[in-house]
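A.B. asks: For the sequence shown, the tail end lands on 850 under the working numbering, and the numbers increase by one without skipping.
Because the hints were derived from the structure by calculation, they are not lab data.
Bear in mind the structure is a predicted one, so any value in this text is a computation, not a measurement.
No residue lacks a Cβ here, since even glycine has one placed at the ideal position from N, Cα and C.
Hints may contain errors.
As the list claims (entries may be wrong) - Straight line, CA to CA, 30 Å or less: simulated DSS-like cross-link-like pairs of lysine-lysine:
id, residue 1, residue 2
1, Lys603, Lys746
2, Lys576, Lys746
3, Lys638, Lys798
4, Lys789, Lys732
Claimed, not checked - What follows is a set of in silico ranges between Cβ atoms, one per label pair, in the way DEER data are often shown:
id, residue 1, residue 2, range
5, Glu585, Thr781, 29 to 39 Å
6, Gly662, His612, 19 to 29 Å
7, Leu808, Ser839, 38 to 48 Å
8, Asp687, Ser520, 18 to 28 Å
9, Asp806, Arg745, 44 to 54 Å
10, Asp806, Thr781, 16 to 26 Å
11, Ser516, Thr686, 18 to 28 Å
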Amino acid sequence: MDYGYINARMRGMKSRLLSHRELDDLIQKPDLESLIADLENSPYRDEVIEARGHLLGILCIEYALRENFTRTFRKIQNFAKQEEAEQYIIIFLHRWDVQNIKTILRGKNIHVTSDEILSCLVPAGEMDEATLKELLKQPDLRAVIDLLATWRIRYAQPLTGAYPEYLKTKDLAVLECALDRYYYTDALDSVRAPGYNNGLIRDFLRLEIDVVNLKTVLRMVRDRVDAEDAKRYLIGGGRQFDERKLGELLTLPSIEDVVKALSSTPYRFLADIPEPALRTQKISIIEKELERFLIKKGVGAFLLDPLSVASVIGYFWAKYNEITNIRIISRCKTADVSPDLLKEELVYV
Numbered sequence: 502m503d504y505g506y507i508n509a510r511m512r513g514m515k516s517r518l519l520s521h522r523e524l525d526d527l528i529q530k531p532d533l534e535s536l537i538a539d540l541e542n543s544p545y546r547d548e549v550i551e552a553r554g555h556l557l558g559i560l561c562i563e564y565a566l567r568e569n570f571t572r573t574f575r576k577i578q579n580f581a582k583q584e585e586a587e588q589y590i591i592i593f594l595h596r597w598d599v600q601n602i603k604t605i606l607r608g609k610n611i612h613v614t615s616d617e618i619l620s621c622l623v624p625a626g627e628m629d630e631a632t633l634k635e636l637l638k639q640p641d642l643r644a645v646i647d648l649l650a651t652w653r654i655r656y657a658q659p660l661t662g663a664y665p666e667y668l669k670t671k672d673l674a675v676l677e678c679a680l681d682r683y684y685y686t687d688a689l690d691s692v693r694a695p696g697y698n699n700g701l702i703r704d705f706l707r708l709e710i711d712v713v714n715l716k717t718v719l720r721m722v723r724d725r726v727d728a729e730d731a732k733r734y735l736i737g738g739g740r741q742f743d744e745r746k747l748g749e750l751l752t753l754p755s756i757e758d759v760v761k762a763l764s765s766t767p768y769r770f771l772a773d774i775p776e777p778a779l780r781t782q783k784i785s786i787i788e789k790e791l792e793r794f795l796i797k798k799g800v801g802a803f804l805l806d807p808l809s810v811a812s813v814i815g816y817f818w819a820k821y822n823e824i825t826n827i828r829i830i831s832r833c834k835t836a837d838v839s840p841d842l843l844k845e846e847l848v849y850v
C-alpha cells in the first residue's frame with residue numbers, strides 16, 4: 502500500500518483549497534453575481550462555467566459546489582483504486598448516500614418539488630444522479646423505499662424495518678435514525694480488524710456517533726420526550742457515551758443541565774455558548790458548535806502519521822468544510838447578512 506503517494510496527492514489537493522484570505526474576500530463580495538465571478542477564478546472554475554450555461558444565482562453556485570465535490574472524490578477513488586485506502590474512502594462516501602436518501606424522504610414528506618430536492622443532493626456516493634432522479638420520480642415515501650428494495654440497495658433494509666413504526670408515529674426521525682444506525686454499524690463492522698488505519702477510522706466514526714447522539718439528546722430534552730421513548734433514537738458504538746450515560750442525560754430537565762453535565766467531557770466547550778441561547782433552548786447554536794468541533798477534529802488528522810489513511814480523513818473534512826463555508830456565504834448574500842455576522846457562521850481550519 503503506497504500511502505506515501507496518496508499522502509503526496511492529498512497534500513497537493515489540500516494546497517488548492519481556499520485560504521482564510523480567499524474566504525474573507527468572498528465574504529466581502531456585494532452580491533451573488535460578484536461572488537460567482539470570483540469563484541470563476543478559483544478551483545471551482547470549470548463547474549461554475551458549466552453551471553452558468555443554464556442556471557442563475559444561488560442555483561448556479563449550488564450546482565457548481567455539488568459537481569466539484571462529487572468529481573473531487575471520484576478522482577480520489579480512481580487513484581486509490583485496488584488500494585486499502587479505497588475501502589476507507591468508500592466509508593466516507595456512503596454517508597452521502599444516507600444524506601441523499603434523508604433529503605429525498607424529507608422532501609417527499611413535505612411535498613417539495615423534485616427540482617428543489619435535486620438541488621440539495623450530492624451524488625458522491627454509490628447512487629449516481631440518474632439513480633437519485635429515479636427515486637425523485639416516486640410519488641411518496643413508501644414508493645421510494647420500495648424502489649430501493651427492488652434495486653437491492655442496502656439502505657432499503659433499515660428503512661423497511663422501521664417503516665411500520667413510522668406509520669404509527671408519522672415521525673420522520675424514526676426512518677432517519679434507522680439509516681444512521683445502519684450506516685455506522687456497517688462502517689464499524691468493516692474496520693473491526695486490528696491495525697492502525699482501521700483504528701483511526703474507528704475512532705472518527707465513534708466520535709461522529711457521539712455527536713449524533715448528543716444532538717438527539719438535546720432535541721429530546723428540549724421537546725420533553727420521555728427518556729425511555731427517547732432511547733429508541735440513540736445509536737450504539739460511541740466513544741465517550743455508552744447507553745447508561747446517554748440515558749442519564751435524557752433524564753435531565755433542561756438543555757442547560759445537559760451542557761453542565763458535559764463539563765468533564767471533551768464537550769465542555771459547549772459551556773461557552775451564551776447563557777441566553779441555552780436558556781431559550783436554541784438547539785441550532787449548539788449543533789453548530791458540535792459541527793465545528795467535528796470538522797476541526799477531522800481536519801486535524803493531517804497532523805497524524807503521513808504514511809496512513811490520516812491524510813484522506815483530513816482532506817475529506819477540509820473539503821467538506823470549504824463547500825459548507827461557500828454555501829453559507831452564498832445563502833447569506835441572498836439574505837443580506839452583514840460580513841461580520843457572516844464570518845461568525847463560518848468554520849476556519
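A.B. asks: Now tell me if each hint is right for this structure.
C.D. replies: Do the hints match the structure? See the list:
Only pairs whose Cα atoms come within 30 Å are accepted, and Lys603 paired with Lys746 is accepted, the gap being roughly 28 Å. Note on Lys576 and Lys746: the hinted pairing is violated, with a Cα-Cα distance of about 41 Å set against a maximum of 30 Å. Between the alpha carbons of Lys638 and Lys798 the distance comes to roughly 38 Å, so the proposed pair goes past 30 Å and is violated. A threshold of 30 Å between alpha carbons decides the hint, and for Lys789 with Lys732 the separation of about 23 Å falls inside it, so the pair holds.
Distance hint for Glu585 and Thr781: a CB-CB separation of about 48 Å, inconsistent with the stated range 29 to 39 Å. For Gly662 paired with His612, a C-beta distance near 25 Å keeps the hint of 19 to 29 Å intact. Judged by the Cβ atoms, the range 38 to 48 Å given for Leu808 and Ser839 holds: they are separated by roughly 45 Å. Restraint check, Asp687 to Ser520: a C-beta distance of roughly 37 Å breaks the suggested window 18 to 28 Å.
As the Cβ distance of Asp806 to Arg745 is approximately 34 Å, the hint placing it in 44 to 54 Å is violated. At about 44 Å, the beta-carbon gap between Asp806 and Thr781 misses the expected band of 16 to 26 Å. At roughly 36 Å, the beta carbons of Ser516 and Thr686 sit outside the given window of 18 to 28 Å.
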